[in-house]
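A.B. asks: Sequence:
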Amino acid sequence: MASQPIDDTNREFALVVYGATGFTGSLVAEHLCRYYLAEDGDFRVKFALAGRSMSKLQEVRRRVCANVKRQNCEQLIPLIVADSADEESLVRMCSRTRAIVTTVGPYLQYGEPLVRACVDARTHYCDLVGEMPFIVKMSNKYGALAAERGVKIVHCCGFDSVPSDLGVLLAEETALRVAKAPCETVRSHKALCVCVRLFVSCSKVKTAVISAKGSVSGGTIASLLGVSGSDGLGGNPYYLMERAFPEGKSVTRPTEAAPRVRFVSYDKDFGYGAFFVMGALNENVTRWSNALMNFKYGKNFKYHEMVAAPDQGFFTAAFISLFTYLSLFVIKVKPLRSLLFALGVLPKPGEGPSRKTMESGSFEMKTIGRTSPNTASGSRVLRVSVSLGSKQGDPGYHETAKMLAEAGLCMALQLDSCTRLCGVCSPAAGIGTVLKDRLADKGFFFNIETAEEDAGQK
Numbered sequence: 100m101a102s103q104p105i106d107d108t109n110r111e112f113a114l115v116v117y118g119a120t121g122f123t124g125s126l127v128a129e130h131l132c133r134y135y136l137a138e139d140g141d142f143r144v145k146f147a148l149a150g151r152s153m154s155k156l157q158e159v160r161r162r163v164c165a166n167v168k169r170q171n172c173e174q175l176i177p178l179i180v181a182d183s184a185d186e187e188s189l190v191r192m193c194s195r196t197r198a199i200v201t202t203v204g205p206y207l208q209y210g211e212p213l214v215r216a217c218v219d220a221r222t223h224y225c226d227l228v229g230e231m232p233f234i235v236k237m238s239n240k241y242g243a244l245a246a247e248r249g250v251k252i253v254h255c256c257g258f259d260s261v262p263s264d265l266g267v268l269l270a271e272e273t274a275l276r277v278a279k280a281p282c283e284t285v286r287s288h289k290a291l292c293v294c295v296r297l298f299v300s301c302s303k304v305k306t307a308v309i310s311a312k313g314s315v316s317g318g319t320i321a322s323l324l325g326v327s328g329s330d331g332l333g334g335n336p337y338y339l340m341e342r343a344f345p346e347g348k349s350v351t352r353p354t355e356a357a358p359r360v361r362f363v364s365y366d367k368d369f370g371y372g373a374f375f376v377m378g379a380l381n382e383n384v385t386r387w388s389n390a391l392m393n394f395k396y397g398k399n400f401k402y403h404e405m406v407a408a409p410d411q412g413f414f415t416a417a418f419i420s421l422f423t424y425l426s427l428f429v430i431k432v433k434p435l436r437s438l439l440f441a442l443g444v445l446p447k448p449g450e451g452p453s454r455k456t457m458e459s460g461s462f463e464m465k466t467i468g469r470t471s472p473n474t475a476s477g478s479r480v481l482r483v484s485v486s487l488g489s490k491q492g493d494p495g496y497h498e499t500a501k502m503l504a505e506a507g508l509c510m511a512l513q514l515d516s517c518t519r520l521c522g523v524c525s526p527a528a529g530i531g532t533v534l535k536d537r538l539a540d541k542g543f544f545f546n547i548e549t550a551e552e553d554a555g556q557k
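Residue numbers are given in the working numbering: position 77 of the sequence shown equals residue 176, and the series is strictly consecutive.
You may find that some hints are simply not true.
[Said to hold, decoys possible] No more than 27 Å apart at the CA atoms, straight line, and that leaves these computed lysine-lysine pairs for DSSO-like: (1) 240 to 395; (2) 145 to 447; (3) 279 to 395; (4) 168 to 145; (5) 447 to 433; (6) 398 to 367; (7) 455 to 541; (8) 168 to 490; (9) 168 to 433; (10) 398 to 279; (11) 431 to 236; (12) 395 to 236.
FYI, nobody ran anything at the bench for these hints, they're computed from the structure.
For clarity, every value in this text was computed on a predicted model and none was experimentally measured.
Turn these sequences into a full structure, and let the hints steer you where they fit.
C.D. replies: Given below as structure tokens:
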């Protein structure tokens, strides 16, 4: 892969939001206006909004500007009309900006033309994809050329999978710095709706969501339908690591099977946990990151996630798993799905939770890692604890918009602080810890603690 990312500071825009008229895209636009338009009505960072319809773009700009209350907002923000069915319009758009973030999904249906345009125009790219087959397809078709041209194509830059990927990266880098050894086993726990717990551990790494409050949009449901195939929710735990990898390189699976929580599992640290619907994606992404970074976490790195029961009880965890599987069944069965859309129970693409629901949301995740006994002094191991989250909005939409926008701005404004890796990659491998710094500046919290303990305490 190329060792020198392209950094064209002469372009008109630092960032373009493609899909700004969609539900999540409008939240990304609002985040940029709130933080990067000065109150006196001037740009701190030059950005533009893009989509298929000028009239819809104008309406989104009007609504966003009314929410953020910035002088001359509507006059300042440029609008770009581009369509995935018109590749010349995509290339023209990409040629005007250093980086682009896209919320236009399902990505398997609409995403490829923009990736191709970014590679052609040498423009860095971030998305919110949850469809692993799309990641593999883009890696196989454009990964080598993107790397050769110094372009970063970074997938999974929202709640799936930035907190998981970044939490593991921070735990591993801390372990490597303090103990000179990685954490090769990671577990992740997440709790349901109002309270979610997430924990990760180092030779033993686990992640559990402590709290998460929010809702879903129609776009998420559409993408969930795309990720729930044989290699999605319950398939190959090494799908990305084995298939979305640079040409000419091969990977070997760890000798031990990858852990996977399919119903209820007990963890000594966190009690009972349940099946997490996006765990397969996040687990795959963290393993893929490890492989892309030349197995920085060790070749026997293991990681899994689950939803932590708020009371740590078996029956609560079982209820969460049953409810999750029932919800997936309803979404997958077309007549039931159509009925719920018609009744307004499920949001359609472009729809989502209310502003009140999003702004009252929050989340906290905790990653705990432990080194192997033989890598620390005597029978002692290093325990690394990484807590991260936000109290400013729900993780799936309000804070996902922040994550996506700031991931794009890492490459647009701080490329020298990003990793050197180019091509098709994950947030940890393609951007790195600079994303933590930008998110911390926008209200996210990160706490990292270390302690030595007896190996038997694991």
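A.B. asks: Run the distance test for residue 398 versus residue 279: straight-line Cα separation, threshold 27 Å.
C.D. replies: holds (15 Å)
A.B. asks: Can you confirm whether the C-alpha distance between residue 145 and residue 447 stays at or below 27 Å?
C.D. replies: Violated, at roughly 32 Å.
A.B. asks: Hint check: residue 240 vs residue 395, CA-CA at most 27 Å. Holds or violated?
C.D. replies: Measuring from Cα to Cα gives roughly 26 Å; hence the hint holds.
A.B. asks: Within a Cα-Cα threshold of 27 Å, do residue 168 and residue 433 meet the stated pairing?
C.D. replies: Judged against 27 Å, a Cα distance of about 42 Å means the pair is violated.
A.B. asks: Does residue 145 lie within 27 Å of residue 168 when you go C-alpha to C-alpha?
C.D. replies: It holds: about 18 Å lies between the C-alpha atoms, which stays within 27 Å.
A.B. asks: When you check the alpha-carbon spacing of residue 398 and residue 367, does it fall within 27 Å?
C.D. replies: holds (25 Å)
A.B. asks: Regarding the pair residue 279 and residue 395, is the alpha-carbon distance no greater than 27 Å?
C.D. replies: holds (11 Å)
A.B. asks: Do the alpha carbons of residue 455 and residue 541 lie within 27 Å of each other, as the hint requires?
C.D. replies: Within the cut-off at roughly 20 Å; holds.
A.B. asks: Are the Cα positions of residue 395 and residue 236 separated by 27 Å at most?
C.D. replies: Satisfied, since the Cα-Cα distance of roughly 25 Å is no more than 27 Å.
A.B. asks: Given the proposed pairing of residue 431 with residue 236, does the C-alpha separation stay at or below 27 Å?
C.D. replies: With Cα atoms ~23 Å apart, residue 431 and residue 236 stay inside 27 Å; holds.
A.B. asks: Given the proposed pairing of residue 447 with residue 433, does the C-alpha separation stay at or below 27 Å?
C.D. replies: holds (14 Å)
A.B. asks: Are the Cα atoms of residue 168 and residue 490 separated by 27 Å or less?
C.D. replies: holds (23 Å)
Figure legend: structure checked against the earlier numbered hints; hints not met, in rising order: 2, 9.
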